[in-house]
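Engineer: Spelled out, the chains give:
There are 4 protein chains.
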Amino acid sequence: MIPLPLEPEPVSGTEIDKPYRGAFDGRTHRFALRVYFEDTDAAGIVYYANYLRFMERARSDMLRAIGVDQRATLDAGEGVYVVAEANIKYRAPARLDDEIVVVSSLDKVGAATATIHQRVMRGQELLADATIVAAFMSPDGRPKRQPKAWLELFKPLAAKEGKE
Amino acid sequence: MIPLPLEPEPVSGTEIDKPYRGAFDGRTHRFALRVYFEDTDAAGIVYYANYLRFMERARSDMLRAIGVDQRATLDAGEGVYVVAEANIKYRAPARLDDEIVVVSSLDKVGAATATIHQRVMRGQELLADATIVAAFMSPDGRPKRQPKAWLELFKPLAAKEGKE
Amino acid sequence: MIPLPLEPEPVSGTEIDKPYRGAFDGRTHRFALRVYFEDTDAAGIVYYANYLRFMERARSDMLRAIGVDQRATLDAGEGVYVVAEANIKYRAPARLDDEIVVVSSLDKVGAATATIHQRVMRGQELLADATIVAAFMSPDGRPKRQPKAWLELFKPLAAKEGKE
Amino acid sequence: MIPLPLEPEPVSGTEIDKPYRGAFDGRTHRFALRVYFEDTDAAGIVYYANYLRFMERARSDMLRAIGVDQRATLDAGEGVYVVAEANIKYRAPARLDDEIVVVSSLDKVGAATATIHQRVMRGQELLADATIVAAFMSPDGRPKRQPKAWLELFKPLAAKEGKE
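Chains as they are written, first to last, in the working numbering: chain A, 1 to 164; chain B, 1 to 164; chain C, 1 to 164; chain D, 1 to 164.
So that you can see chain A by itself, here it is in the shape it has in the complex (with noise of 0.2 Å):
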C-alpha cells in the first residue's frame, strides 16, 4: 500500500493562501524565493536579467511593509518608481530549485531618488551584489519627488539621508 504523501504537510486552510511576505530585521529588508524553470536559461542557470526581477519583488514587498501602496498610486495616476540606475555584479551562478534570500536595505533617500542594495544570498554564499536607484516618476514620464508621507516612511531605514 502507497502511504498518502501528503499527511505531513497539513494545510492550514487560510494561512496556505496567503503569498510569501519577506519582512525586516532590523533595517535589512529579506525576501526569500526559489528557482524555477521559468527563471533558467540553456546553460542551466539563472538568465542574469531575471535577477533584476527578484530584486523588483523584494523592493516591492520592503515598500508594502512599510505601507506604501504603489498601485494605488499608479492608478490614482500620482506616479510610479522607475529604476535610474542599476548596477550589479555577478558573483556565482544560482540554478534552478535554488532556494536564495535578497537582502536589501535602503542606502539613501533623495527628494525625487531611494538608492538600494540588494544583495542575492544562496545561504552564505553571495550570488549577486546590486546598488539599484529608484526615481519617482510622474504618468507623462518626468520625474517627480516622492509623495511626502512615504518620505516620512523611509526615513527609520535609510542609512545615511541625501538632501532633500
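Mixed in with the good hints there might be a few duds.
Note that identical chains are pooled: a pair holds if it fits in a single copy or bridges any two copies.
Said to hold, decoys possible - List time: in silico DSS-like cross-link candidates among lysine-lysine, alpha-carbon distance up to 27 Å:
1. 18 <-> 89
2. 144 <-> 108
3. 108 <-> 89
4. 89 <-> 148
5. 18 <-> 144
6. 108 <-> 155
7. 148 <-> 18
It is worth saying that the hints were derived from the structure and are not from the lab.
Assemble chains B, C and D onto chain A, guided by the hints.
Structural biologist: Chains B, C and D only, in chain A's frame:
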C-alpha cells in the same frame, strides 16, 4: 516622532528565509502568489503567457511536495517534464498586487504523461481555467515513460488512472 | 593580419535600424524570429510559456500590417485585445539559436472576438499548433465590440465569418 | 468593396522567413527591435529588466556576425558566456510599439572577459546606457579563458586591448 514601521512584523530568523511552499488540501494542491510588475503589461493586467509561469510554479511545487526531485533527474540525464498540451480559458484579468492562488489537481496519469487541471483564483473568482498535459521527455527530445517510483507517488493523487 | 570580419555585411544605414516585419503570403501571415537565451530554460529548450510570447508578437505584427494601431487605441482608452482562450499543442521543442516562423491565419471573426490559428514552424517541422481566441476588452475589463473599422480590415483575411 | 490590404507588402518567399539580423557599421554593431506587450509593464513602459534581454539579443547577434557559434560551444561542453557585471543608466522609458536600436561596441577584451558598451536608442534619443562585462564560464561554473579563435575574431572590434 515617526514610529518604526517594522515592529508589527517580527522576523523569525529561519522562517523568513524559507521560500513559499504550497500544500495539499486533500487531493488538491494550492499555491499562492502575488502579482508583481514583471507579470503585468501595458494593458494594466497580467500578460497572458505569465499565467503559464504561475501554473508551472504550482506544478513544480506539487511535484516537490510528493517527493519528486526534478533537478536531480534532469542533472542525471534521465529526462524532464515538458508540456505537450495546454488548454486555457481566461475568465478575468489579474492586476498588479493581486493575491492569487493556483489550485491544481491531477486528472489522469498515463505511462508517459500526466494531465493536470489548474485553476487560477482570486478569492472566490476564477481568473483562468486550464488543462495541462505534461509529458516526460528524454534528453534527446523523445517521449519516455515516467520514472516508476514517481507513478507510485502520483497514485494517491490521481482522480482517474489512465491505461499504463 | 586578421581580416576585418565585418566587410561581408555592409550596412544600409536606414535599413538595419528598422525592426523586423513579418508579411502576408496570401491570407497567411508569416513572422520569423530567432531563439535567444532568454527564451530557453534549464532543460535546454524553449520554455513553454514563451511560445505564447512569440505568437503574440506575430499577432501584433499582423494587426499592424493591416493598419490596426493597438497602442493608439489603448492610449485613447478605447480598449485592448486580451486572450480569452488559448489551446496549444507542443509537438517538438525549439532550441537556442533556432530560426523559427510563426504562421498565422484568421479563422473566424465575431463582433467582440477573433479566432486565430497559429503554427510555430522550424523549416518544415511543426513545433507548436495553437488556436487563440482574442477578445476586445474595455479599460474597465468588460468585453466590448471590436472597432467597426477593424472588422472591415479583417474581412479579407477571415476564412469564415462569424455571426455579427 | 474593401481593398485587400496585403498588396503593398508582397512577400519574397525566402526573405520573410529569415529572422532579423543586425549588422556592423564600422566597429559598431546595430540591432533593431520593436517593443511588444510582453516587454511592457503596468506602468505603461518597458520593464527595467527587459532592456537586459534586448542587450543580450544584440550581443548574441554581434557574436554570430563575427563567426562565434555560442550554441555549438555550449553543446560541446566547452563553456558559455555569462554576465559578470552590468552597469546601466536608464534615461527615458520605451513604450509599446516603439522602434528601438541597440548600439553595441566592444570596449576591451581580456583573457576571460569582454567589456561591451551598449546603448539603447529610440531614433536620436538615448534610452539606456550600459556597460556589460561578459565572462567565459566552464560548465562547472568556473571562469575560463575564452576560446583562442574567438579572441582573434574580437581583435578588429576592440577599442582597447586588455592584458592577456
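Engineer: Could you run down the list of hints and mark each one as holding or not?
Structural biologist: How the hints compare with the structure:
When the C-alpha separation of residue 18 and residue 89 is checked against a cutoff of 27 Å, the pair qualifies only between copies, where the shortest distance is 24 Å, while the shortest distance within a copy is 33 Å. In this homomeric assembly, residue 144 and residue 108 come within 27 Å of each other (Cα to Cα) only inside a single copy, at 17 Å, whereas the closest approach across copies is 37 Å. Proximity of residue 108 to residue 89 under the C-alpha cut-off of 27 Å is found in both arrangements, the shortest distances being 20 Å within a copy and 18 Å between copies. In the homo-oligomer, the alpha carbons of residue 89 and residue 148 lie at most 27 Å apart only across protomers (26 Å), although the nearest pairing inside one protomer, at 32 Å, exceeds that limit.
In this homomeric assembly, residue 18 and residue 144 never come within 27 Å of each other (Cα to Cα): the closest approach is 34 Å inside a single copy and 33 Å across copies. In the homo-oligomer, the alpha carbons of residue 108 and residue 155 lie at most 27 Å apart inside one protomer (9 Å), although the nearest pairing across protomers, at 42 Å, exceeds that limit. In this assembly of identical chains, the alpha carbons of residue 148 and residue 18 never lie at most 27 Å apart, being 30 Å within a copy and 34 Å across copies at closest.
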